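Residue numbers (this note's numbering), protein chains in the order written: chain A, -2 to 473; chain B, -2 to 473.
These are computed hints drawn from the structure, not numbers from a lab.
Among the clues, some could well be false.
Remember, identical chains collapse to one label, so a pair may be satisfied in a single copy or spanning two.
With a Cα cut of at most 20 Å, we get these calculated SDA-like pairs of lysine to any residue [to be verified]:
| id | residue 1 | residue 2 |
| --- | --- | --- |
| 1 | 51 | 314 |
| 2 | 193 | 408 |
| 3 | 318 | 127 |
| 4 | 54 | 43 |
| 5 | 11 | 310 |
| 6 | 292 | 426 |
| 7 | 54 | 44 |
| 8 | 365 | 354 |
Just so it is clear, the structure is predicted and the values come from calculations on it, not from any experiment.
Here's the letter readout for the chains.
2 protein chains.
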Amino acid sequence: MAKGITKRSVDYSKWYIDIVSKAELAEHSPVKGCMVIKPNGYALWENIQAQLDKMFKETGHVNAYFPMFIPESFLKKEAQHVEGFAPECAVVTHGGGKKLEEPLVVRPTSETIIWSTYRNWIQSYRDLPILINQWANVVRWEMRTRLFLRTTEFLWQEGHTAHATFDEAEEETWKILRVYQRFAEDYMAIPVFIGKKSEQEKFAGALHTYCIEAMMQDHKALQAGTSHHLGQNFAKAFDVTFQNEEGQLEYVWASSWGVSTRLIGALIMTHSDDNGLIIPPRLAPIKAVFIPIWKEDAQIDQLRSHVAKLTADWKGKIDFKIDDRDQYRPGYKFNEWEQKGVPLRIEIGPRDLENNQVVLVRRDTGEKIVVSQDGLLQRVESLLEDIQSTLFERARAYREEYTFTEDDLDRFVHKCNDPGGFFWVHWCGAVECEDQFQEKARASIRIIPFKGHEESGKCIICGKASQQRVLVARAY
Amino acid sequence: MAKGITKRSVDYSKWYIDIVSKAELAEHSPVKGCMVIKPNGYALWENIQAQLDKMFKETGHVNAYFPMFIPESFLKKEAQHVEGFAPECAVVTHGGGKKLEEPLVVRPTSETIIWSTYRNWIQSYRDLPILINQWANVVRWEMRTRLFLRTTEFLWQEGHTAHATFDEAEEETWKILRVYQRFAEDYMAIPVFIGKKSEQEKFAGALHTYCIEAMMQDHKALQAGTSHHLGQNFAKAFDVTFQNEEGQLEYVWASSWGVSTRLIGALIMTHSDDNGLIIPPRLAPIKAVFIPIWKEDAQIDQLRSHVAKLTADWKGKIDFKIDDRDQYRPGYKFNEWEQKGVPLRIEIGPRDLENNQVVLVRRDTGEKIVVSQDGLLQRVESLLEDIQSTLFERARAYREEYTFTEDDLDRFVHKCNDPGGFFWVHWCGAVECEDQFQEKARASIRIIPFKGHEESGKCIICGKASQQRVLVARAY
Chain A
-2 MAKGITKRSV DYSKWYIDIV SKAELAEHSP VKGCMVIKPN GYALWENIQA
48 QLDKMFKETG HVNAYFPMFI PESFLKKEAQ HVEGFAPECA VVTHGGGKKL
98 EEPLVVRPTS ETIIWSTYRN WIQSYRDLPI LINQWANVVR WEMRTRLFLR
148 TTEFLWQEGH TAHATFDEAE EETWKILRVY QRFAEDYMAI PVFIGKKSEQ
198 EKFAGALHTY CIEAMMQDHK ALQAGTSHHL GQNFAKAFDV TFQNEEGQLE
248 YVWASSWGVS TRLIGALIMT HSDDNGLIIP PRLAPIKAVF IPIWKEDAQI
298 DQLRSHVAKL TADWKGKIDF KIDDRDQYRP GYKFNEWEQK GVPLRIEIGP
348 RDLENNQVVL VRRDTGEKIV VSQDGLLQRV ESLLEDIQST LFERARAYRE
398 EYTFTEDDLD RFVHKCNDPG GFFWVHWCGA VECEDQFQEK ARASIRIIPF
448 KGHEESGKCI ICGKASQQRV LVARAY
Chain B
-2 MAKGITKRSV DYSKWYIDIV SKAELAEHSP VKGCMVIKPN GYALWENIQA
48 QLDKMFKETG HVNAYFPMFI PESFLKKEAQ HVEGFAPECA VVTHGGGKKL
98 EEPLVVRPTS ETIIWSTYRN WIQSYRDLPI LINQWANVVR WEMRTRLFLR
148 TTEFLWQEGH TAHATFDEAE EETWKILRVY QRFAEDYMAI PVFIGKKSEQ
198 EKFAGALHTY CIEAMMQDHK ALQAGTSHHL GQNFAKAFDV TFQNEEGQLE
248 YVWASSWGVS TRLIGALIMT HSDDNGLIIP PRLAPIKAVF IPIWKEDAQI
298 DQLRSHVAKL TADWKGKIDF KIDDRDQYRP GYKFNEWEQK GVPLRIEIGP
348 RDLENNQVVL VRRDTGEKIV VSQDGLLQRV ESLLEDIQST LFERARAYRE
398 EYTFTEDDLD RFVHKCNDPG GFFWVHWCGA VECEDQFQEK ARASIRIIPF
448 KGHEESGKCI ICGKASQQRV LVARAY
């Protein structure tokens, strides 16, 4: 097994920390609750950003940037919102050597500063919709932090859109949910359940919140992205009205939505194994690493020049690396690149040279495949696609294995402890029963599925009539 | 003349504000000193980012992310540094509802947090060099702000590198200076002077600071990018040592360098005219706008489908837009796209259709060129390159016109007032004389040129011997 990585079966939390550390993704900083995202982690974030940004732009969105400081009074304008976020805020009280007249909050999210701005941008239905996204850092004070999963400062994107009608805002909220789902499944290779949050779990200030929910390898749920229909709440709080086509004044409808560096935590905990990180090829900063193997020093130059020739036309087509460092042995290198999650290793030694072949080693399965050097790039590319879909299918099968339909409360509580998992259970809709999931099993409602999942039954808590099952699990 | 844009000759400052406003680049926010970067302004910043990021990566740098909060004690570890930055800091005193034990400063720049981290990353010469860049927001408290040029919060990149020797850090400092110069000249079409800052003007904590300096249309200088050789100052402050190849412990050498959203201010003030913004083609989010012109409604469909056919293979090759809105007249559209700085307008009417031609209108010169529709894309692309180089040459000629070699103090002071400009003057090197530039002419030394510009003469202030001329100007 890999040096320095605790096995999942021994200590899952320690395993996670070891993966992050060995892959050099991030580390704790001297500033309490804040992390340093190291170059390997940031390169992964750049790939996540690039793909999401493309998808946002393809769906008509543009980027902008709003101040990170928010006057404290702004936060207080929407009652639910301030209740949800005020306790987590970092507050600037001094600037330029003087005490400020009004304290400034470092944005925990930007609805308030953005809607105070939209007020000046929106007069008529002709000014709508506004479809803006922002890439930014945000701060939510945390006592117990975990790299990527929960940190005081984190990086994210936040979309903030303005619409003329409830339906248009709803369409947007839904559209982004599907973008998130598509990104999670097609790029991160993470299968997600989509649905609605309960009233208790929704965003502070929203009409309703949609989300994507993923299962980690410890069978806990991780909320990986949220899309909120904000109704007219922020328009009312900031007095943002528009003249509709009939000439009447109406409040503007809104959505907001976000994903964060937390996605990196989700990626790690979905795919990685006891040997280290596994990155899905479509997001991997390095997709393949060439490792020339020599026994005698005299072979180095020949191997080097051969690999250079072999990969001469790869540049710009695929992100790869040649590891020909001579101070390390092959085994050391294999281990290092495995820990760093590179999807494919390409070994080439003197005998491979003679036989016009290379050895491909899949990071996902460990399988070794001897292939001809002819048409190697195409072979590598198709294998990477296969790794991508294998990772997705493997994660889906794993999720299926630990997703249960359960009607018996005792058994539900028991299984929440061991083996854990996702539970489709009937729920009557009462807050008191929702609280019991937490009380009895330290679990919560992760999603209420969308229409089409109706089924009559009895609430697993109180036994009263229930119209549908909801997904319950312990969560990060 | 364009509606709503003050002429430069009437009120230059007002002209600048009008350009920013009409092009919808940015606006003041309700948070004192902070701006909202609107989608048009942000799209420009994205193009600046993309190109610079590419150049940094081509020169071996990787991105990472460090916390935006810095413990106050860190800032105090480097004496010059704290003196320079402490008065400009925003200070977080409360987090999560509690008073913090130690106040946190919002980064005005990240040397201290980064070098406190590098301490753990560097043990041996094998760990060097570290070549890291960060894209981030920073805060420097400002009393008098101007959109893009000087705001309390701004966006930038900051490079922070670690090296084994003075020479390697010097090579890096110099390499980045040349990257900045190349970016300014080849992409922003802004000619810059490069050189060294005086001891008074250098970065707080640096051995020396190199910079690129540009002339704006009011003949004032704008510092557009800086690259600092930090010596061992931060390594000493944070006790960052490494074992060299001989096994001895040494302090690590450092550089840091940055450009910011200020570049957008430089771009505006270098190229724009009384009709609005002018964006150099290589950075323009929209490089060409098609405007179909019809007299009768019956012609609309034909024109639309013809333009669609004409541009069928343009997608992915060039960023263009078709403005076929029917609620606006052509003149209105011409004006709008001129104000927004789109480099090339393509007009097409029913007669052009008959004659298999279009009319190209250059934003830089206003010149109209009737060209065939055959091979249009190639024609447009080469014209855009011509606009790019014309903008650069025009800016260079303008700068030459207002750059003077001056030996007479009275004439220098007089010319600083009218017409203003850049002045190559002899300076003895004394701080007292440097202060006199400010005292007498509200000007400052912008650069001390690199070797090769030596020339004996007499200090324009005190008359003592001087070994070289320096560039003096009023500055933003």
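Tested hints:
1. 51 - 314: So residue 51 and residue 314 pass the 20 Å test inside a copy (19 Å) and across (16 Å) alike.
2. 193 - 408: neither (25 Å within a copy, 74 Å between copies)
3. 318 - 127: between (42 Å within a copy, 19 Å between copies)
4. 54 - 43: both (16 Å within a copy, 13 Å between copies)
5. 11 - 310: Classified as neither; 42 Å inside a copy, 53 Å across copies.
6. 292 - 426: neither (68 Å within a copy, 62 Å between copies)
7. 54 - 44: Result: close both inside a copy and across copies, 15 Å intra and 15 Å inter.
8. 365 - 354: Intra 13 Å, inter 61 Å, cutoff 20 Å: intra-copy only.
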